Amino acid sequence: MVLAALLPLLLFVFPLWKITLEAPQYPTPLGMYIYINDFADANPHDIKNINLMNHYVGMKYIPDAIPEFKIFPIGIIITTVIGLIIALKANHKWFLYWFIMMVMVSTAGLIDFYIWEHDYGHDLDPKAIMKFTNPDGSVMGFQPPFFGSKDILNFTAHSYPQLGAYCLGGGIALGLVAYFFGKKEKTLKA
Amino acid sequence: MRKFKNPMLVLFGLALVFTSCGDQKKGNSGALTSNAAEKVYVAPGEHDEFYAFVSGGFSGQMSVYGLPSGRLFKVIPVFSQDAEKAWGYNEETKPMLNTSFGFVPWDDSHHPDISQTNGELDGRYVFINGNNTPRIAKIDLTVFETTEIIEIPNSAGNHSSSFVTENTEYVVAGTRFSVPVPQRDMPINEYKGNFKGALTFISVDPEDGGMDIKFQLMMPGFDYDLSHPGRGKSHGWFFFTTYNSEEASTLLEVNASQNDKDFIAAVNWKKIEEYVNNGGGTKMPSNYAHNVYNEETHTATSTMKKEVLVVNPTDVPGAVFFLPTPKSPHGCDVDPSGEYIVGNGKLSADLTVHSFTKMLDAIEGKKYDGDAYGIPILKFEDVLAGTVSQPGLGPLHTEFDGQGNAYTTFFISSEVVKWKLGTWEVVDRQPCFYSVGHLMIPGGNSRKPFGKYVLAMNKITKDRYLPTGPEVTQSAQLYDISGEKMELLLDFPTVGEPHYAAGIAADIVKARSKKIFDLKENKHEYGITSDADVRVERNGKEVHIYMSMIRSHFNPDNIEGIKVGDKVYFHVTNMEQDYDVPHGVSIIGANTSELLIMPGQTETFVWEPKQPGVWPFYCTDFCSALHQEMQGYVRVSPANSNIDLSWSLGD
Ligand SMILES: [Cu+2]
Numbered sequence: 001m002v003l004a005a006l007l008p009l010l011l012f013v014f015p016l017w018k019i020t021l022e023a024p025q026y027p028t029p030l031g032m033y034i035y036i037n038d039f040a041d042a043n044p045h046d047i048k049n050i051n052l053m054n055h056y057v058g059m060k061y062i063p064d065a066i067p068e069f070k071i072f073p074i075g076i077i078i079t080t081v082i083g084l085i086i087a088l089k090a091n092h093k094w095f096l097y098w099f100i101m102m103v104m105v106s107t108a109g110l111i112d113f114y115i116w117e118h119d120y121g122h123d124l125d126p127k128a129i130m131k132f133t134n135p136d137g138s139v140m141g142f143q144p145p146f147f148g149s150k151d152i153l154n155f156t157a158h159s160y161p162q163l164g165a166y167c168l169g170g171g172i173a174l175g176l177v178a179y180f181f182g183k184k185e186k187t188l189k190a
Numbered sequence: 001m002r003k004f005k006n007p008m009l010v011l012f013g014l015a016l017v018f019t020s021c022g023d024q025k026k027g028n029s030g031a032l033t034s035n036a037a038e039k040v041y042v043a044p045g046e047h048d049e050f051y052a053f054v055s056g057g058f059s060g061q062m063s064v065y066g067l068p069s070g071r072l073f074k075v076i077p078v079f080s081q082d083a084e085k086a087w088g089y090n091e092e093t094k095p096m097l098n099t100s101f102g103f104v105p106w107d108d109s110h111h112p113d114i115s116q117t118n119g120e121l122d123g124r125y126v127f128i129n130g131n132n133t134p135r136i137a138k139i140d141l142t143v144f145e146t147t148e149i150i151e152i153p154n155s156a157g158n159h160s161s162s163f164v165t166e167n168t169e170y171v172v173a174g175t176r177f178s179v180p181v182p183q184r185d186m187p188i189n190e191y192k193g194n195f196k197g198a199l200t201f202i203s204v205d206p207e208d209g210g211m212d213i214k215f216q217l218m219m220p221g222f223d224y225d226l227s228h229p230g231r232g233k234s235h236g237w238f239f240f241t242t243y244n245s246e247e248a249s250t251l252l253e254v255n256a257s258q259n260d261k262d263f264i265a266a267v268n269w270k271k272i273e274e275y276v277n278n279g280g281g282t283k284m285p286s287n288y289a290h291n292v293y294n295e296e297t298h299t300a301t302s303t304m305k306k307e308v309l310v311v312n313p314t315d316v317p318g319a320v321f322f323l324p325t326p327k328s329p330h331g332c333d334v335d336p337s338g339e340y341i342v343g344n345g346k347l348s349a350d351l352t353v354h355s356f357t358k359m360l361d362a363i364e365g366k367k368y369d370g371d372a373y374g375i376p377i378l379k380f381e382d383v384l385a386g387t388v389s390q391p392g393l394g395p396l397h398t399e400f401d402g403q404g405n406a407y408t409t410f411f412i413s414s415e416v417v418k419w420k421l422g423t424w425e426v427v428d429r430q431p432c433f434y435s436v437g438h439l440m441i442p443g444g445n446s447r448k449p450f451g452k453y454v455l456a457m458n459k460i461t462k463d464r465y466l467p468t469g470p471e472v473t474q475s476a477q478l479y480d481i482s483g484e485k486m487e488l489l490l491d492f493p494t495v496g497e498p499h500y501a502a503g504i505a506a507d508i509v510k511a512r513s514k515k516i517f518d519l520k521e522n523k524h525e526y527g528i529t530s531d532a533d534v535r536v537e538r539n540g541k542e543v544h545i546y547m548s549m550i551r552s553h554f555n556p557d558n559i560e561g562i563k564v565g566d567k568v569y570f571h572v573t574n575m576e577q578d579y580d581v582p583h584g585v586s587i588i589g590a591n592t593s594e595l596l597i598m599p600g601q602t603e604t605f606v607w608e609p610k611q612p613g614v615w616p617f618y619c620t621d622f623c624s625a626l627h628q629e630m631q632g633y634v635r636v637s638p639a640n641s642n643i644d645l646s647w648s649l650g651d
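Chains A and B, in that order, are what the protein sequence lines are. My numbering numbers the first residue of the first sequence as 1 and each following residue consecutively. My numbering numbers the first residue of the second sequence as 1 and each following residue consecutively.
Calculated from the structure, these hints are not laboratory results. Treat the hints with care, as some may be off.
[Claimed, not checked] Some, not all, of what chain B presents toward chain A, calculated at C-beta under 10 angstroms:
1. Asp371
2. Leu519
3. Gln577
4. Asp578
5. Glu629
[To be verified] Each pair of labels, with its calculated beta carbon distance range:
6. A:Lys131 with B:Pro612: 32 to 42 angstroms
7. A:Ala108 with B:Ala625: 34 to 44 angstroms
8. B:Lys514 with A:Ala90: 32 to 42 angstroms
9. A:Lys131 with B:Asp205: 18 to 28 angstroms
10. B:Phe58 with A:Lys131: 52 to 62 angstroms
11. A:Pro44 with B:Asn118: 29 to 39 angstroms
12. A:Gln25 with B:Lys270: 37 to 47 angstroms
13. B:His627 with A:Lys70: 35 to 45 angstroms
14. A:Ala40 with B:Leu488: 46 to 56 angstroms
15. A:Pro44 with B:Val614: 35 to 45 angstroms
16. B:Gln611 with A:Gln25: 34 to 44 angstroms
All values derive from a computational prediction rather than experimental measurement. Using N, Cα and C, we set each Cβ at its ideal position, and we do this for glycine too.
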């Protein structure tokens, strides 16, 4: 359980998610890592160059910082502390509660990510240089995929979780495993 | 590089690479029927195996080709103004063409040579000589741009240049035309005994590559034609061919062809270096330009140097010897082992090869055949290693494949001849179309040649290409030398006259090639690193515009308050930080070239508006989907108007 509580801390080291944009003119694709507290270039200046591309269709610049970069790290630290207290002091039932809490927190994070992506892809400058419409006449959005790959105009966008996300997931899963072990142990003792 | 998500893909890719290598080797060895087209075909998107840096001769530049395809990638401006790249036109690079004669917009570039470490090409720099107004330039291969030019005082016809020693300790520049030193008003027919031939040793800083004249060896007034460094066992020596040992000053075609033998001058530069380091030599008043381009300020500075250290060869006993060599030798070439020194006697029917070991023995035994101006002449028979008998007519230049073979060009009989070192037997000959000058094997000028191709550079093409009026292209020809017999693979046209070339495996160079200049590191006096610094300043009649450019606009793009009679400096910074997104700029009626500005770089052009009006400027390099919109206006008012300076972008 201690391990379960500590694993999500690796989010401060490894990126959570990565969005990659491929196009023929970019033999080295443009890429952006999403860390729990930062956006980072996959290669130098990638975010600047993504912004430069996207301004033609009226997308906003990727901000240097978003409120989530403050909230999420605090959330992870709090849940880790709670996890550690539970690991050392509480019985296995609490392991399950921690697991449920983590699943909820993570889901909230993912929903937030989706909302940001949707807004980023759809809240376009009305004075956009190039305006594209869908076949039904509605304004075309440029939301990158939430998970997986998708063609957006001349780009193919990929969006996949990274090592940080796997650490978080692993930690959460370990919490559940710890719960079952704790349960088994208790049953044996009894 | 593309990042592979799946390690299996990477393994698969590596497997492909290894497989294809294996196939290539098989293809090269002993294929009975070969397909020249296949051998030079580099598929779209694939890279050539070698870079070839080919001199432009009277174009003054150096062009970059890929081998084996013969595709031209870039013409690097060196000694001549180039409006395409604003070289010598923008304020930043004008100082690069400064000399003691003032601004010289042209030269005749001859012999590129690539820097070496331990006798092998290291791919850091290419050096090339300007022949007419003696200069040596250095091209930095991280940017493929000329970053330093040093003028050579006391020299004229800077031809036996610019060859580097085994660790790039020195780049050497020898004079072809001897001249009075110091220059003075004197009768031409008093040449003999009075003119001098300066051999200049320019040290190259091992850290930053900075060039500095270490010393000039003041030799007798012969013509010093070509040179090469010793390597391996002969490292520490330098060899120069001479002609006109007759010291004629008129009708040289006859008068300089009378002596049966001229000389190869063997110079023990390590000995002279030691002499100089111990305070030897004489400081001579002089005046020559040293021009350095700074990559952080994106600006060149020119400094006039006032002194040069001169060494009299007879003051350093044991440092300089003459090796008699038949008939006005041109190329002076040292084999990869450093043992053989080939003298390509251009009016001789034979090729003369001297032995370094025998030369040392002869010096040891003091077996001299007299002296010339106090410099000992060794006996021809004592230093001769062998003679390649009757290989062709008019031998000019020899290079080596590292497998014991030498390849010599013959101008008059228009051919490349392959022969064996040591046995001196001719192995093969192939015609050239026509009148070949130099040849080049990548790395052929080092301890470790890449003996796969030889590139012959021809002086005449006549009917080889579609005619283009009286002036037709010059050309190079590529031969496969991987087998016993040479095979002509390709003809390709060149820029200007290809006197000589230097080649190197692309892998050594391409990984170091810069993609952009870091905007944060931009220290240009008038550069800006953010749009917040965009402004226009007036200083009397001078107006300085601090302008930015990024896809797809200039900032500012509307400027008012400029007056007729102003001198307007456009200092334009390309704010892009993406690979291959240059922008250009010019304005109607500018009496200079455009600017072509790389990401992160700042360049400046001057505009002196002559009429009131509203004058457009625009981006001259198709940069983006909105390139056509990348434009702006400058309002010019009469000289006496009182409109204040203002500037803007967007409403
Ligand atoms: Cu542009």
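Here is how each hint holds up against the structure:
1. Asp371: Hint violated; Asp371 of chain B Cβ to chain A Cβ min 63 angstroms, cut 10 angstroms.
2. Leu519: Holds - the Cβ of Leu519 of chain B comes within 10 angstroms of chain A, reaching about 9 angstroms at its closest.
3. Gln577: 4 angstroms, holds
4. Asp578: It holds, given that the least Cβ distance between Asp578 of chain B and chain A is near 5 angstroms, below 10 angstroms.
5. Glu629: It holds, given that the least Cβ distance between Glu629 of chain B and chain A is near 9 angstroms, below 10 angstroms.
6. A:Lys131 with B:Pro612: 32 to 42 angstroms: 39 angstroms, holds
7. A:Ala108 with B:Ala625: 34 to 44 angstroms: About 39 angstroms separates the Cβ atoms of Ala108 of chain A and Ala625 of chain B, which means 34 to 44 angstroms holds.
8. B:Lys514 with A:Ala90: 32 to 42 angstroms: 58 angstroms, violated
9. A:Lys131 with B:Asp205: 18 to 28 angstroms: At roughly 57 angstroms between Cβ atoms, Asp205 of chain B and Lys131 of chain A fall outside 18 to 28 angstroms, so the hint is violated.
10. B:Phe58 with A:Lys131: 52 to 62 angstroms: 54 angstroms, holds
11. A:Pro44 with B:Asn118: 29 to 39 angstroms: 33 angstroms, holds
12. A:Gln25 with B:Lys270: 37 to 47 angstroms: 53 angstroms, violated
13. B:His627 with A:Lys70: 35 to 45 angstroms: 41 angstroms, holds
14. A:Ala40 with B:Leu488: 46 to 56 angstroms: Between Ala40 of chain A and Leu488 of chain B, where Cβ atoms are some 54 angstroms apart, the hint holds.
15. A:Pro44 with B:Val614: 35 to 45 angstroms: For Pro44 of chain A and Val614 of chain B the Cβ distance comes to about 40 angstroms; the hint holds.
16. B:Gln611 with A:Gln25: 34 to 44 angstroms: 41 angstroms, holds
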